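S.K.: All chains should be built: construct the whole structure from the sequences, respecting the hints.
Protein chains in written order, with this note's numbering: chain A, 1268 to 1622; chain B, 513 to 1008.
The reader is advised that the hints may include incorrect statements.
Stated by the list, open to error - Per the computed footprint, the stretches of chain B lying under chain A, defined by three or more beta-carbons under 8 Å from a beta-carbon of chain A, are:
1. 701-711
2. 928-940
Claimed, not checked - The list that follows gives simulated cross-link-like pairs (lysine-lysine, DSS-like), each with its CA atoms no further than 27 Å apart:
3. 917(B) <-> 778(B)
4. 820(B) <-> 680(B)
5. 1438(A) <-> 820(B)
6. 1438(A) <-> 874(B)
7. 881(B) <-> 778(B)
8. 972(B) <-> 1397(A)
Just so you know, these hints were derived from the structure itself, not from any lab. Small disclaimer: the values here were computed from a predicted structure and weren't measured. Ideal Cβ placement from N, Cα and C applies to all residues, glycine included.
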Amino acid sequence: MQNNDIEKQLQEQVKDAAAAGEPLRIRGGDSRAFLGRAVEAPRTLDTRDHSGIVLYEPSELAITVRGGTPLRVLIDALAAEHQELPFEPPAFGGESTIGGAVASGLAGPRRPWNGAVRDALLGVKLVNGKGEVLQFGGQVMKNVAGYDLSRPMAGAHGTLGLLLEVSLKLKPLPPASVTLVREEDKRAALETMRQLYQRPGNLSGVAWVDGLLHLRLEGYPEAIEARAAELGGERLDDAAGFWRSLNNQTHPFFAGDTPLWRLVVKPASGDIDPPGKELIDWIGGQRWIRSDEIPQALRRLAASHGGHATRFRGTTEIDSPFHPLEPGLMALHRNLKRALDPQGLFNPGRMYEGL
Amino acid sequence: MQPDRTPATIPADARRRFLDALRRVLPEGTLLTEAEELHPYECDGLSAYRQVPMAVALPDTLAQLQQVVRICHHHDIPVVARGAGTGLSGGAYPLEDGIILSLARFNRILDIDPANRLATVEPGVRNLAISEAAEPHGLYYAPDPSSQIACSIGGNVAENSGGVHCLKYGLTVNNVRQVKIVTADGELVTLGSETFDGPGYDLLALINGSEGMLGIIVEITVLLRPRATRTTVLLAPFDDIARAGDAVAAIIAAGVVPAGLEMMDKLTLEAAEAFVHAGYPTDAEALLICELDGSDIDVDAETAAVTKILRDAGASDIRVADDAAERARFWAGRKAAFPAVGRIAPDYYCMDGTIPRRHLGKVLERIGKLSGQYGLTVGNVFHAGDGNLHPLILFDANQPGELEKAERLGGDILEACIEVGGTITGEHGVGIEKLDQMCSQFDSAELTQFHAVKAAFDPKGILNPGKGVPTLHRCAEFGMMHVHHGELPFPELPRF
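M.R.: Below, the structure written as structure tokens:
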């Protein structure tokens, strides 16, 4: 693997930008640039030359890796030791980096069972808006010294600091995996999901699309065979391909220009009766919706089921693709942003106006 | 060990005006100001340090609590939130010029939602009470600190508490979905969401483990998990502690993630056996306790794999508990390890470092040497699965200077944890106890960043001030006593 440490140069770029008072757009593979608001910044900082594994001891179930490392390279290195990232990050074409995967905070179909990006993020090394290199957390699972400034970097879209290194918790690859497909209409599938969510048992993916319920089982071969016999259904031949197409949005559901919305709701919300085509993932907790409906309507719909709505793709006029925050919560966001990035250098406005 | 601040001198009339303001918003009997009423609040689980607060407020309602915080904010009076008071690092240690805000009356379970596997509770609810309430639905709350019969969930969030099942099921932060806080100026703000993620920054992660310094936690929604079909506990004695450590690494490397994986050394296992008669083999040098859970087939497969690894690593007589009573007996010794050690010495001081597992042998050897140097016995209990080490330093507080000696030994042990890439606290928090060691783990820019985050939430600094993060001034003084790796820390600070 390309092992390249340009920490000093990256730090200098931030210091220069700070001295000039000129904001920076942080980019890795730019494969997630479509997420969020457009960043207007006179300077661009490219992380891709800062790459490679810093420390990987498979028996510790943890890895420290530089932010510009290609996701694909990292996943292959882990697979060679029969391990994987618990949060199953999506890759949207192009060469996604681990820094971008952490910063965007997106998790794949495994999320309900193996946690979000933040759950795996044990530590970070970052450059703050003053150009200082800071380290929080580490490779150990338990660490409560100081405020947890690592996990908030997941999903902050680079607005709180430049990620130089991330330390991630890993999981062993499952010994075996089977995906079952059952024909079920939406209501029946949602009822199945509701029952499965309350019981233990080897699941690592439950999604419904086009009248088909997909159940991914993982574990010891005998255990998943027994569970598969209980649940019934056809075995999917290219199961890995199916879950990848869902995660990376290459499935036909995601084709076309109709705006794509991501609604995260309480999993047992049942049929939320969305104004458009729906793909259900996360055992009912994540609903992908294709709809031209006005943003406010989709936001109200998500909120009425305890959640929030993000305009994922599409060109509707909108303040921010992300769900609006209550004023008190937004005030805390502004204050935290100022604490880490006093001049507002990093990806200004990427998430919300003024952040 | 003292908070890192100088208490304010409050003139008698200002104090009277402040207490009168509190009396106007609190019902009769919920504001304590008399010495004998304040006495029970003078310490938390770090009982070597005691301080009587100016007053204790025990609000009944959220509206009262918000008014109390607003009054403190207006009068610049520090607020120390307190749950069950079982914390081990002095997080709830009172401030003489401040009040204790007790959450004891916020003790209701508000909702159990089995379909969404959520429980919404007030902060004063005991950890174990959540699992008890969820039990009829076949669900439970996973984080289980050993004090779970007494500790409150609000305190668990404030400290980001652990327990013996963290490797597989995570810490408090991984099992909490939403927290409502009252900010330093008395506003109610919701962090996180009842769903798998929320919009904006992950302030929920930040509030976990923030030790009452960023906000007052007033409502918590936790994730419940379905009980595994089967649970098995293996007991594996070793005649060499390093071999037990190797077995731990081999289990993880084999792709098994045990629900719990604990190690006890000879001293602690003997003390525990004498105390609760768990059936531990007292001739062993070290004992591994390994819990496996899942379906019947999962547990059978993992039991076979783990048994072989343990045997190959040199475990002599492995015992397997399948029924609930025997499992409980196997765990009883471990869960009672601290009080058991408390029976064999007048006092003990519990440390809480975390290390990468592979350095266990090296760190234990170092602890053994330090123990010899200081002339104090140290027992070791180890959450081996997640690398969290609890050395228990035995001493006698009635011997002049012995507490200080135990504290110095403890500090040196934590330094050893930092040196191998670990941390000074895995689950007990910094509080007042580990302020000096924070100076070793973080440099001045990092500590300054922490202070900036504190100010972002609490510009006036009224929430549990002087805890958690040391001032650079304190670190400079600590550094003058304690030169780390031959380098003077904080070289950029002026000296005097």
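S.K.: Determine for every hint whether it applies to the structure shown.
M.R.: Evaluation of the provided hints:
Counting residues of the stretch 701-711 of chain B whose CB falls under 8 Å from any CB of chain A gives 10; the rule of at least 3 is met. With a cut-off of 8 Å between beta carbons, the stretch 928-940 of chain B has 8 residues touching chain A; three or more are needed, and the interface restraint holds. Pair hint residue 917(B) plus residue 778(B) holds up; C-alpha atoms about 23 Å apart against a cutoff of 27 Å. Between residue 820(B) and residue 680(B) the CA atoms are separated by roughly 21 Å; this keeps the pair inside 27 Å, and the hint holds.
Of the supplied pair hints, the one linking residue 1438(A) and residue 820(B) holds, its CA atoms being roughly 21 Å apart against a limit of 27 Å. For the given pair, residue 1438(A) sits about 26 Å from residue 874(B) by alpha-carbon distance, which is consistent with the 27 Å threshold. For the hint linking residue 881(B) to residue 778(B), the alpha-carbon distance of about 16 Å falls within 27 Å, and the restraint holds. Of the supplied pair hints, the one linking residue 972(B) and residue 1397(A) holds, its CA atoms being roughly 23 Å apart against a limit of 27 Å.
In terms of the numbered hints stated before, the structure departs from none.
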